[in-house]
Every structure is written in C-alpha cells, then in structure tokens.
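> Respectively, the protein sequence lines represent chains A and B.
Residue numbers for the first sequence follow my numbering, beginning at 25 and rising by one.
Residue numbers for the second sequence follow my numbering, beginning at 186 and rising by one.
Don't read these hints as lab results, they were simulated from the structure.
Since we're looking at a predicted model, the values are computed, not measured.
The C-beta atom is built at its ideal place from N, Cα and C for all residues, glycine as well.
One or more hints might be untrue.
What the hints assert, rightly or not - The calculated label-pair distances, taken between Cβ atoms and stated as ranges, are: (1) Arg118(A) / Pro658(B): 23 to 31 Å; (2) Ala220(A) / Ala349(B): 42 to 50 Å; (3) Pro209(A) / Thr432(B): 22 to 30 Å; (4) Glu438(B) / Pro378(A): 35 to 43 Å; (5) Lys469(B) / Pro524(A): 39 to 47 Å; (6) Lys469(B) / Ala311(A): 36 to 44 Å.
Said to hold, decoys possible - Once the Cα atoms are required to be at most 27 Å apart in a straight line, the calculated DSSO-like pairs of lysine-lysine come out as: (7) Lys169(A) / Lys519(B); (8) Lys519(B) / Lys343(A); (9) Lys454(B) / Lys354(A).
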Amino acid sequence: MPLRLPVTARRIPPVIARAVQALGLLGLVAGCTGDITGRLDPGGKLDPGGTGAPVGAPPQTPGKSPEGVTTPDGVGWATRFPKLSNEQWENTVRDLFYLDAPTDLSKAFSPEPADGGYDNQAAAGQTIAGDSWARYQLAAEELAKLLTSDPQKLNKLIPPSAPSAGVERARATIIDLGLRAYRRPLTAAEVDGYVALFEQGSALTPAEAFGGGMNLVIQTMLQSPHFLYRVESSSKPDGPRIWLSGYELATRLSYALWNTTPPRELLDAAAAGQLSTPDGVKGRASAMLMDPRAADTLARFHAQTFRTAVFGSQGKDDKFGFDAIAPVLKDEARLFFADVVGQGGGIRDILTRPVAFVNEQTAPFYGLTGITGSELRRVDLDPTRRVGLFSQVGYLSQNGARTLTDPVHRGLGILRQVLCDDPDPPPPIEIKTPVVPPGMTTRATYEKATACGVGCHNTLINPPGFAFEHFDTVGRWRDDESGLPLDDTGTFGARVGWTPEAKRENPPIMLEFKGAVDLLTQLAQLDRTHECYARHLLQFVLAKPVDEQELGAGKLLGKGSKTSGAASSIVSELVTLNTFRARAADPQ
Amino acid sequence: MKSHHSGVSKKRGIHRLDRRLFIRGAAGIVVGLPLLESFMPRQATAAEMQVRYAIFFRQGNGVQQGLTGNEPDRFWPTKLGALTTASMQADGDQAVNVLAPHAAKLLIVKGLKYDGLGVDVGCGHSRGGLLCLTAAKPDGKNIERALALGESIDNRIVRELQPAGQEPLTLRAGPRSGYLDDVLSYRGPSDRRTAEQNPYNAYKIMFGVDDGTPSEQELIKARRKSVNDFIRGELGGLLQSPKLSQTDRQRLEHHQQAIRDLETGMSCKLPPELLSPIAGVDNKEAVSNDLVDQVTQMQMQVIALAVSCGLTKAVTLQVGNGNDGTQYTINGQKYESFHHISHRINGDGSEGTAIVNADVKHHDIDKHFAGYFKYLIDQLSSYPTATGTMLDEGVSVWLNDLSTGPPHGSNNLPYVLAGNAGGFLKSGQYVDAVQGAKDQMPHNRFLNTIGAAVGCKNKQGAPLDDFGDATLPKGLVDAMLA
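Looking at chain A on its own, in the form it has when it is part of the complex:
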C-alpha cells in the first residue's frame, strides 16, 4: 500500500503563485492523433498564442465579477435555430411516425464535425447549405414514400377522431402531425398551407389521392426549418432575457434528456401551462430522468466528456498483447458510467469508485485472476491502487505511448476533463517526445525535457501525469520501471478561475499528493472539479459553449455536485435555471 500523505489543499501566497504562473506553460502539448489529448509529433514547431501579458481586471459592474455573472440568474447566448443532430433526426422521425426502428437514412447526412464539443452542440450551429440541404431532401422523399406506400404506417398518423375521408381527414392529420413535427401547434395559415399542399399532391396522383397528398405533406414537413431546427420564436424581452414558451421548453427538455422529439404528453403539459414555473419544469425533468432514455443520454454525455469512444485505439507494442483487449475498453467505460449514474453518482464516483468491468482477457491487466468468459463483469478493485475511470486500463493505455508511459497526456486529460483547464498554447520551440535513455526513468526524462527554459510543465501538467507512473503504458500496475524506483509524488497547482486573466491573477490551489489514488481523491474534493463537471453538463444540456453569463449557474450547480453528487440531481436543478428557461434578449 502506498504511503498516504495528508491531504493538503492549500492556497499559496499570490506573489509566489504569480511567479509560478509567469514561468509559462509547457511545450509538450502538441499532439497529432486526436485521442483524449493528442499525441506528440516530432518536429512540430510551436508558437505562442493567447499568452500575452496579464491584463488588469475589467471594470466592476453590479452583480458581476471580473469573470462574469456570479449569480445563477445569467442567461447565455444561444442560436435560436439549433439544428438537430443526425442522431436526433433519426430518433425524431422514429418517434414522430411511430416506427419500430431507426430508418438509418441519416447515415447519408454529413457527420457532425469532431471539434471537441458534444455532438448535439456541434450540430446545433451547423448550416444547412449546399449539398447538406439535398441530403435532407432525399431522405424526406424516401421517408415519405416509405410511409405513404404502407397503409399500416400511414394509418398510424391519422387521429382516431379524423373524418373518414376527403380533405377534412387530411386537415385533421395535418393538425395532429404538425403539432408533433413543429413541436407546437400549427398556425391557421400553416394548416391551410399544408391542406393546399395536400390537394396539390392528390392532384398529381389521382389514383392514390390521399397517399399522394400526404406524401407531399410529409416530405415538406421533413424539410421544414421548423422541423430541422429547434426554432425558438419567443421574442418578448423581459429585461436582459426572453422567456421561452412552454412548447420551446418542452422541446429543450426532450432533446436534452431524451435526445428526441417531445412526446405528446409533454406537449400537452406545455399547453396546460405546466412548464411555466421552475418547479413545473423540475417536476417534468425529474420524471423524465427516471426513464431509460435519460440513462442513455447521460451515458452519451459521459462518453463524450471523457472521450472514451477512442479507448483502445492507441497502438501498442505487440509484446503487450493489447490488441486482444482494445475493442472492449470503451465498453468497459460505458458500463462504468452506467454503474455510477445508476447508483446516483456523479463526478466524485467517476474519480474515486474502485470498480472496473473486466473479462478473462482484460482481468490480467488489472492483476486479477479467476475471471472467465468474454462478458464484462463488475469487479471491485484494490482501492489503495486504483480508483475511478482515470486508473482504469482504458484511460491509461489511451494516454500511453507504444512502450512507455506518457505522463504529459495523462496529466492533460486530468486538466481538461476534470478541471476544464486547457493549458495555454506552448512556446515557440522545436519539441520532440523525450527519448528515455537507459538508467533513467520516464519521469526523470520528462522532468529534464520540460524543465524551465524549454517549457515549463512543472506545476500544472507534469504532476497529475506523474501520479500514474505506477501504471505502465497498457495500464498494468508496476512496482518499478526496469528496476529503477518509481516516484509518483508531486505538487500540483490547480488553477483558479475561468478566464485567462483570472487564471493568471488568482493563486492556484496546491495539492501535494502521493500516487494516483491520493490525487484523484483530492481532486474529488476540489470545488473546481465539481464546477467543471457542472459546466460540462451545462454545455451538453444547452448544446452550446458555457459563456460568462453562466458563471454563476456553474458555481451553483457545482455546489450541488459537491453536496449531492448525483448527475441526475444536477440536471434536474439545471433545467430550473434562467439560462435553460430563457434566452438572451440581445442578439450577438
């Protein structure tokens, strides 16, 4: 059992902290593989960016800190036309038309760009231009044909109370389908427009007048901006914000929690004014969070936050036999997240729960014996050696080189994902991944290569990576490195604040640690960790970057995370905040 030092999260004097900060930040953040933090590429010449001299605090305004709004009342800016993601489109048409399975038509759509955000966020800002419009057109035509050529499928769309024939039958269907496709009741003019379309379509195919008319109606609805975007039309300002309508809130809730279109009962609740108060929204959200669809959504959230989809993709030397286990590592992460969320957990558990999911092939990498079969099963781990996602084989191997560990990227993963702290761009130096010479440990080599004068990793990036040095590049525990003693102690300066200015001005919180378990346990107690997790959830639920107006919201939700710890509790609180229930009044 490693020696455990007292937890010492303490603030250091600002003057010392500024001196530490002024030393600058590392040169080894370059990466060219796009895994969790990227990978070093020799010869990449790096220039500074955004590392100008510290600036003074901006003028204080009531209710604001230099960073932004400190109360949870702020409302961030968001597009009024977030586009559905491809997965949302697929889920939506499945539910809208009562289909048994996804159509897979969205596979022909342009993929969302992998720009570091969430898929729903990336999609929200996408433009339907050029050929991406044509893809929606083709899918709409194909789906309309599928639905109207099958009487069973078409009949499902006709309300039971609809007249038995004629245009009025179509009108009733249009009103009902339109409500669910536009996620609000159609206006009288819109209904008339669709009835006119129905009549045009019927005239084109007199032998199949109703089906032909509905074909035109359906393909039009599927290409409507009111379908392809989550349109937020509310426009009456109330001070700095515009409150969303009940239908708009129902839509936000449904896509945020279930990743699909609001079901009829949620639209009915909106119509009945049940979403007009924070408590009303919270009540609906709490009920929705009990549904398996919410569990799926939270699984997506965690997988994208911690980039687990790439686990297993880092090539290793053949001697490790890593290829045999690589395919299941992302599945292990998925099961771990489900375990955490299912038991009312959140970031604290993700960091510290001593659990893994193993099969007979991965068990030896955890030093476990007696596991048989290919199915992943839950096992308790030695809590003195491994706790949480970051000491599982998936993360450790993804952030390891072919044969050696990669403390820089292990540290960067902690910084970016746990603390939402993206290091400044590296200095303009020629960098190369250090080559570890015989008789020298990886840690010693990295410390030498990143010593000040070349680029300073000393307090920010290296330490959290060094904490994992007892795990080799494929995540196996090791007592030494080629006979050399390992050092997994360190002092880590967690930066404070969310803007570059604040991070420069505020003294960091210094964490002295010994080993990964100690570091992860301390991180789980840090306010910033919980605030970061809350900001991840804000970003995911709102499908947009967190902005300065939402600083207070992040702080409030972070406190909730630290207190209750449950991801679902944070979400049910989040949807009551102004930034969820309103949009900023001033366009940007």
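Based on these hints, arrange chain B on the given structure of chain A.
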C-alpha cells in the same frame, strides 16, 4: 461491394453547342443537360461562360523528398524545365514520373512554403490542413480544435463564380479516426465543411436518382417544386423574425439559397458499368481501409462527371485523415500506417521501433498517389470537348498539406498540376516559383494563381491576387503563367 477494377473509362462524349452542353449517355444517346443559365455565375455574362474548374486532390503526411537527414530526394524531377514523356521516363524512379504519359499536360511547381502567420496550433497536420487551401490564420485553439479564420479557395471559387447557395464538391476517401477527419474546405472563418465519404451519396446529390420512369421523374419534379416553394416561404418568414443575430440570419440565408429546383431525369450520368459498383458502396465500406483505392477512384469518376457537366467549379478530394493512418496495399503488400511510415517508426510520436526501409515505403506511397492522380487525369481526358478534353478546361492539383515525412515541414511544398485552365497556365514544365532565389514564396500566391486561372477576381476586377490572410504578400506565381 462489388469488385471494381475499371481502368480508364470508355470515351465519353461531351460537346458544347452554343451555350447548351450535351453529353453522350451510356447507350450512346446524346441528351441535353440543363441550360447553363441555371448554373450561370452571378458576375458572368453568357459570352464569358466557360467550364473552368479547379480540383484539389490532397495527400497527407508530406512526401519523401530530400530535405531530411540522409534521405535522397525521390519525388521531384531532377531537372527544371520542359517535361516530356521521354524525359520523365528517363529520369529514374522519381515519384512524379508515374505521370510520364501525361508529361505534356503537367505543371510541377517547387519553391512554395507556408507562411506560419505567427500562430501555431500544436500539430503539424492540424496546421497544414487548415492552412492548405485557406492561407488564413488559425483561430488560436490547440490541436484538433484549431480552425482557419478564413474561407478556402474552393469556397471562394464557387462563391464568386456560381449561383448563391451552391457549394464546392467536398469529398474524401479512406478511413476516419475522429481526428482531423476533414481538413480542407472552409465555408468561412472557423466554419469547416464536412466531406462526403460515400461516392454514391455524392453522385445522388449531384445528379439525382435515376430510379423511375419519365412519368415518375416528372412527379418527383412537380413535388419538389411545391415543397421548395413552401420551404422558401417559411424561411422567408423566419428571416423576418425580430432581432435575429447576424449568425442566425446568415445561417437561414444560406439555407434558403441552398434550396434549388434540381432538374430530374438524369440528363448527366455515369454509364452502368461504372455506376453499378458505386451504387453498391455503403457508408461503412466507404471508409474501409481496404477499399481506399476503389473509393478514391469512384470519387474521381464522380468528380470528372460533375465538372464535365458544369455542375461545379471547385472540388476537393482528401484521401485519409489529417495524419493519414491508412495502411495502403502496394504490390500486394499491406504497408504499415502511412502516418507511422512518414515518421519512419511504428508510432505516432517519436517513440517506436524503426520501420525498415520506411523512406522507400513513403516513396512507394507517393507513387501510389501519383497513380491516383493519373487516374483522375485519365478520367478528365476521357471527356472530349470542342477544343480538346475536359482536362485542359480547368486545372487539377495534386497537393500535400505538408512537405516532408520527418519532420513534417512546410518548405518546398509539393504541387503537381494537370490541365492549363484554357491556356492560363503553363503545361509540360517543371518550374521554380522563386526561380532560384533563397527565400521561398508563401503559398497564398499559388492559391491566387489557381483562383485567377478559373476566373476569380480581386475587388478591382483584376485577376485574384489577394486571397488569404491580409498580411500575406499579394500576387500570382509568375513562373506558372503561360
């Protein structure tokens, strides 16, 4: 997917009669294309209408040229000056010599580099990808999140020379990994376009679906007209919403402009022997490592048809990711990851066991890409025009977003062109952009030259000479001009 080993396709006829294009269909029937007025550039008159186009075919990871260590140069011709089939065939195993049969149509340009614009992004591939066709600064973000702060030249060409709402044809081939999947085409600042990976999707979007009788196609056409009118009206209504942000307004305007009443009836189409294998590709196969050769060729068939039918004036085709990790099969041997080969080791960084003869393997892959480019040239050459073939109506560029394997440098970027854009560019030459001067030329001038060759203008109405970041020197590459 069905096996596909098509070589050069059969001669396909294309003739220009007045302002109306005709193409000979698979059954030898000449059918009319839509009147070119529907594709008329906003700033061009009918008399000026030409079928100028630019195709950018991108290889990653640099080429094996002699800028590093003791490796000899195996890429460039060994002598500047005239290129002939005989001279290239006698010039040893240089990669470009794969193109010897088309020597008279080639323009090979050395002496160009990236101007780093003072900002780097932490990864040579990320940097090269975003600079490659934009010559614009990065947005200050690191690594995979870095984006260019300007449009790419393909976008500029289409924006300036095609009707509003149309976009460049943006294609790719090879496996995706989630890292720098699409690097080339930018709609505008920080707005990178996603490439289509499935050639059949690209085909359907460009040319429509040929799965109905004439009466069925008329029905599709009539329905589309009704739908499009309705949707235009809805978008118009949204655009009148109070207090739209500039971003939202632009997005809706782009959407509205994208809606077009495409002709149906497949007046432009590939013959069945080419289309059938393309139609057999599903989305998963389209990104299969082992089908990269076939998918690349299929995309080139779609490209050649698209430019020949006048449907687009700018195309990008990216093979492999930003740091292309495709394992190419050459002479029956499946090579290591190209990215690893480009590092000369089994690794993405600087750690890994050495790959034996990695420099030679890199050279082999360069020749493989030369073979791809030759296939594209063959495709374009198979469409005759009144004055020659489609090849010389525009310009096709084989380029790389880096210059070398190790250390992924950006000096002496490799540019190999085919087609003279109606006589605007030299042919049959290997030229030095700086004509022997020590300092190489920023590549934005190369992009200016390509833009100018297809008809783009600067604000004063002169040939485009100021594309890219405003701090870069203006002008064209004089050595490239006919």
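> Which of the listed hints are not met by the structure?
1, 2, 4, 7 and 9
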